[in-house]
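For chain V, the structure is supplied; the task is to place chain D on it using the hints.
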Amino acid sequence: MQLSVNNNNQPEAVSATLIDLRRGDAAILDGIDLPGEDARRLMELGFLPGARVTAGQSAPGGDPRVFQVDGSEIALRRETARRLKVHVENPSRKR
Amino acid sequence: MSECSDCHGCGTAVLEFPRPASAPKAVALIGPPNSGKTTLFNRLTGLRQKVANFPGVTVEQHTGIVELPDGRTLRAIDLPGVYSLSPRSEDEQIAHDVLTGKRHDTPKPEAILLVLDSTNLSRHLMLAAPILSLGVPTLVLLNMADDLRNRGGKIDLAALSRELGAPVALISARQGEGIGQVFDFLASTMSKPSPKELPVLQDVPKCRAWAGRVSGQAAYRPPLPPTWTRRLDAVLLHPVAGPLVFLAVVVAVFQAIFDYVTPLMDGVKWLFAVTGNWIASALPPSLLRSLLIDGVWKGVGSVIVFLPQVMLLFLFIGILEDSGYLARAALIADRTMARFGLQGKSFIPLLSAYACAVPAIMSTRTIENKRDRTATILIAPFMTCSARFPVYTLIVAAFVPNQPLLGHALGTRTVAMIGLYALGFLVAVATARLLKSSILRSARTPFLLEMPSYRWPTLQSLGLRLYDRSKVFLRRAGTVILLVTVILWISAHVPFTNGHPPAIENSLAGTIGRTIEPAIKPLGFNWKIGIGLITSFAARETIIASLGSIYGMDNPGENNVDLQKALHRDLTPGGAVALLIFFAFAMQCVSTIAVVRRETGGWKWPAFQFAYMSVLAYVGSFLAAHIIR
Chain V
24 MQLSVNNNNQ
34 PEAVSATLID
44 LRRGDAAILD
54 GIDLPGEDAR
64 RLMELGFLPG
74 ARVTAGQSAP
84 GGDPRVFQVD
94 GSEIALRRET
104 ARRLKVHVEN
114 PSRKR
Chain D
95 MSECSDCHGC
105 GTAVLEFPRP
115 ASAPKAVALI
125 GPPNSGKTTL
135 FNRLTGLRQK
145 VANFPGVTVE
155 QHTGIVELPD
165 GRTLRAIDLP
175 GVYSLSPRSE
185 DEQIAHDVLT
195 GKRHDTPKPE
205 AILLVLDSTN
215 LSRHLMLAAP
225 ILSLGVPTLV
235 LLNMADDLRN
245 RGGKIDLAAL
255 SRELGAPVAL
265 ISARQGEGIG
275 QVFDFLASTM
285 SKPSPKELPV
295 LQDVPKCRAW
305 AGRVSGQAAY
315 RPPLPPTWTR
325 RLDAVLLHPV
335 AGPLVFLAVV
345 VAVFQAIFDY
355 VTPLMDGVKW
365 LFAVTGNWIA
375 SALPPSLLRS
385 LLIDGVWKGV
395 GSVIVFLPQV
405 MLLFLFIGIL
415 EDSGYLARAA
425 LIADRTMARF
435 GLQGKSFIPL
445 LSAYACAVPA
455 IMSTRTIENK
465 RDRTATILIA
475 PFMTCSARFP
485 VYTLIVAAFV
495 PNQPLLGHAL
505 GTRTVAMIGL
515 YALGFLVAVA
525 TARLLKSSIL
535 RSARTPFLLE
545 MPSYRWPTLQ
555 SLGLRLYDRS
565 KVFLRRAGTV
575 ILLVTVILWI
585 SAHVPFTNGH
595 PPAIENSLAG
605 TIGRTIEPAI
615 KPLGFNWKIG
625 IGLITSFAAR
635 ETIIASLGSI
645 YGMDNPGENN
655 VDLQKALHRD
665 LTPGGAVALL
675 IFFAFAMQCV
685 STIAVVRRET
695 GGWKWPAFQF
705 AYMSVLAYVG
715 SFLAAHIIR
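Going down the list, the protein sequences come from chains V and D.
Quick note: the first sequence, position 34, residue 57 per this note's numbering, numbers continuous.
Quick note: the second sequence, position 563, residue 657 per this note's numbering, numbers continuous.
Next comes chain V alone, as it looks inside the complex:
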């Protein structure tokens, strides 16, 4: 999976984020690189470290995209999705 996060000045640009997932891909959330309050809002919606996130459909043009997490479907813009660090699961366990 190739990363497209090189153009933003994040130090840990090596790890994958939610924007790297294509429709149907699932990944495990490692962490949220957002200020405390914003991270909390996302966690209340199910984006907790260790949660399995599946990329769903998107608006035309690919932004925002719907993600399935903890029994809900939540749409995030790219600018938010790229703050959610993930590692990709074994593809055979895909739903």
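Just to be clear, a hint being listed does not mean it is correct.
Only part of the chain D face toward chain V is listed, based on derived beta-carbon distances under 7 Å [said to hold, decoys possible]:
1) GLY158
2) ARG217
3) PRO299
4) ASP327
5) LEU425
6) PHE541
Just so you know, the hints here were simulated from the structure itself, not pulled from any lab data.
Just so it is clear, CB atoms sit at the ideal spot from N, CA and C, and this is done for glycine as well.
Same frame as chain V, now just chain D:
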């Protein structure tokens, strides 16, 4: 506690509660967004509900009366949908303060109905932790039981009740299933919850782990993914079909609020004219009769005439919201709206503003982000509302000769009208950008949009919403318009000369028109237009009637050729463009001001909006009058 857990292993728990001497006086409903809390509230209270704002804030307070089967009544409070009680947003603050009895305007509830979505229980149970720790008798309601069953989910209610230390009931508020258990609970002696364990409340991961453990103990089997929702989304969010459906919905809304509703609006107008004449013939000619008919009756009529359109708009928004399509529309519109510094949820309110800014501003409540919501409220009045339409028609007809353009596809007048619609839209967009890059710059709060499952809207829920929103519209818009029309009527009928009301140019309104003439002369307007402008602050279309009476027309209307000719004599082409620009930009609508005050919780934003729009209108008209000769 939980007597029910002793006698039932699993399945549907029949709740039996001992009878107390007196029922509680107040019960609060709380639950996460999309848990069906409001549907339950509507079931319990029906038409016996009231909507107001919590004093000092913009959160709406829905209260209602619940009648128990034995005839006793109690007050129910529908709190805003929240995920937690940590007071960060205004909604959470209100929910927290009401439940802990910290608000003096609301009695502390003696019982709580916690409404959770049974199809998403593990996550929704997180809210149970802070609620149960309040120590208030609580009934935990697992809503959408029909959905859970249909999609193969399961839960052991007795085990869940044991874990939570509170009674639990599986209900479907939409179908009316299990509502009896809610009444039984409210009629019983209620005891405080005694959960087995509670998590550290401020910590989301620990709360979620606790919720997971509890639902595990209750043998919760989550339902299968919603097949129909996935299938529908495959079409409605399809890269090609999705935007097409979206466009079709927008066109349908437009068509309905402009075309289909016209006969209804004409009918209302006719009804008010006929009843006005009827009242006139029943009363002896006097000043009182004139006040009653030209002041009060016309004022009432000028608001009621918009009611069919406004109700239709609310109906559409209700269907979009209850069916779950509103979230999809917001998703599709988000990218375009983001260019103007707004977001997807601003789209439908702005679309509604083409009919009337008042319902549009009321429907911005679905936008959770406060700054985005304020920005949407501030630009909504720039959208070309129905009240501007007759004014534009009159001026365009008076000054633009109707010539065909592009063969016979378009006429010059049509192009002029389209240009005016575009002008309002462009100014709205520019204003949004300006606001969002200055005073309303968001601290980049992430845009989060929950996609609920698709559901059929229920007639009861749509009907109650329509009733409730129309009531707010009539009260807010109606009272203020009535007051202003009466004041305007008086100013057009004083001072008396020889015991008779003066001609309009000698009246107080006329004097004011002359007084402001120096201020509006640079815009190319004379005192007659000045009087028209003053009266148009009650409602924009009023200018037609006042110009009609200044020019002595019997039957003024936008299609009255004599009125068009009179205007043509009194205005230069530059002045005509200036007048159009003035109507496009100025905040000439007291109803909108009243609603903005209500929705933003104070005078700050309506004052800012009025000042901004007035300056823009004046400068715009001034430039037009000087550039175009």
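Checked hints:
Because the beta carbon of GLY158/D sits about 28 Å from the nearest beta carbon in chain V, more than 7 Å, this interface hint is broken. With 7 Å as the threshold, the beta carbon of ARG217/D comes within range of chain V, its nearest partner Cβ sitting at about 5 Å, so the hint holds. Of the supplied interface hints, the one on PRO299/D holds, with its beta-carbon coming within about 5 Å of a beta-carbon of chain V, less than 7 Å. With 7 Å as the threshold, the beta carbon of ASP327/D comes within range of chain V, its nearest partner Cβ sitting at about 6 Å, so the hint holds.
Contact between LEU425/D and chain V, as hinted, is supported at the beta carbon level, the nearest pair being about 5 Å apart and thus within 7 Å. At a threshold of 7 Å, the smallest CB-CB gap from PHE541/D to chain V is about 5 Å, leaving the interface hint in force.
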